[in-house]
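Asks: Line by line, the protein sequences are chains A and B.
Numbers in our numbering are just positions in the first sequence, counted from 1, shifted up by 25.
Numbers in our numbering are just positions in the second sequence, counted from 1, shifted up by 28.
None of these hints come from the bench; they were simulated from the model.
All C-beta atoms, glycine included, are put in the ideal place defined by N, C-alpha and C.
Accuracy of the hints is not assured; some may be wrong.
[Claimed, not checked] Chain B is faced by these chain A residues, among others (derived, beta-carbon under 10 Å):
#1 E40
#2 Y61
#3 Q63
#4 G66
#5 F97
#6 C113
#7 E125
#8 G130
#9 T136
Below, each chain spelled out in residue letters.
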Amino acid sequence: EDQVTQSPEALRLQEGESSSLNCSYTVSGLRGLFWYRQDPGKGPEFLFTLYSAGEEKEKERLKATLTKKESFLHITAPKPEDSATYLCAVQPYRYYFGNEKLTFGTGTRLTIIP
Amino acid sequence: DTGVSQNPRHKITKRGQNVTFRCDPISEHNRLYWYRQTLGQGPEFLTYFQNEAQLEKSRLLSDRFSAERPKGSFSTLEIQRTEQGDSAMYLCASSFLHRDGYTFGSGTRLTVV
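Please build the complete structure, drawing on both the sequences and the hints.
Replies: As structure tokens, then:
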């Protein structure tokens, strides 16, 4: 069974205070690891896909990294508009046609205080 | 239209009634997914279509749930004989290739009273 654990559950930061969110995963074979942002009452918004250990991707103040067991989402000098829930998901590699399922973690609720 | 559209946005129904939700994916996307999300949890996979073929269904999708995607365009998710435990946000997403990352709609929030 694929599993994703995100920590911390909630994080409050002052504006400009950098930090990292953690996503630990267990999957028999990783096809891709996804990061999403979700605002209250809305659907998740795609941020990044990572495919192999050592890979890094950046977008504005966000940088995602991947190892064989976990992924980190680094937030540099965050602003209040970065406040949201950040979700991590894994897509396993299966040797049969049609597997497209993502298994999500429960998310980290990030609050940036002005 | 540049996004995934879901209707209705909110639905309140009495226990035992049937409900149907609609999802219009991004037009060039051939993959369509349904997920369910409850408060404080991440989305849970329900089912997946490639074009009009339903290729994968979760064990979460009981016999009361059915999904269709006629002609590979829009999709409907029907829940028969709703129960209070069905109360959740139902999310639809679409993609062209799995590597693209899904584009999610804003969801339909179902409340069963």
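Asks: A closest beta-carbon separation below 10 Å is what the hint needs, so does G130(A) meet it against chain B?
Replies: With Cβ-Cβ at 5 Å, under 10 Å, it holds.
Asks: Under 10 Å, Cβ to Cβ, is where Q63(A) needs to be relative to chain B, so tell me if that hint holds or is violated.
Replies: Because about 9 Å separates Q63(A) from the closest Cβ in chain B, which is inside the 10 Å limit, the hint holds.
Asks: Holds or violated: is the Cβ of T136(A) closer than 10 Å to a Cβ in chain B?
Replies: violated (15 Å)
Asks: Go through the hint on F97(A) and say holds or violated, using the shortest Cβ distance to chain B against 10 Å.
Replies: violated (18 Å)
Asks: Hey, does the E125(A) contact hint survive, CB to chain B under 10 Å?
Replies: Holds, because the Cβ-Cβ distance from E125(A) to chain B comes to roughly 5 Å (cut-off 10 Å).
Asks: When the nearest CB of chain B is found for G66(A), is that gap smaller than 10 Å?
Replies: holds (8 Å)
Asks: With a cut-off of 10 Å on the beta carbons, see whether E40(A) makes it to chain B.
Replies: The hint is violated - E40(A) has no Cβ within 10 Å of chain B, the shortest such distance being about 26 Å.
Asks: Against chain B, is C113(A) within 10 Å by beta-carbon distance?
Replies: holds (8 Å)
Asks: Does the interface hint hold: is Y61(A) within less than 10 Å of chain B, judged Cβ to Cβ?
Replies: Interface hint status for Y61(A): holds (8 Å vs cutoff 10 Å).
Against the hints set out earlier in the document, violations occur for numbers 1, 5 and 9.
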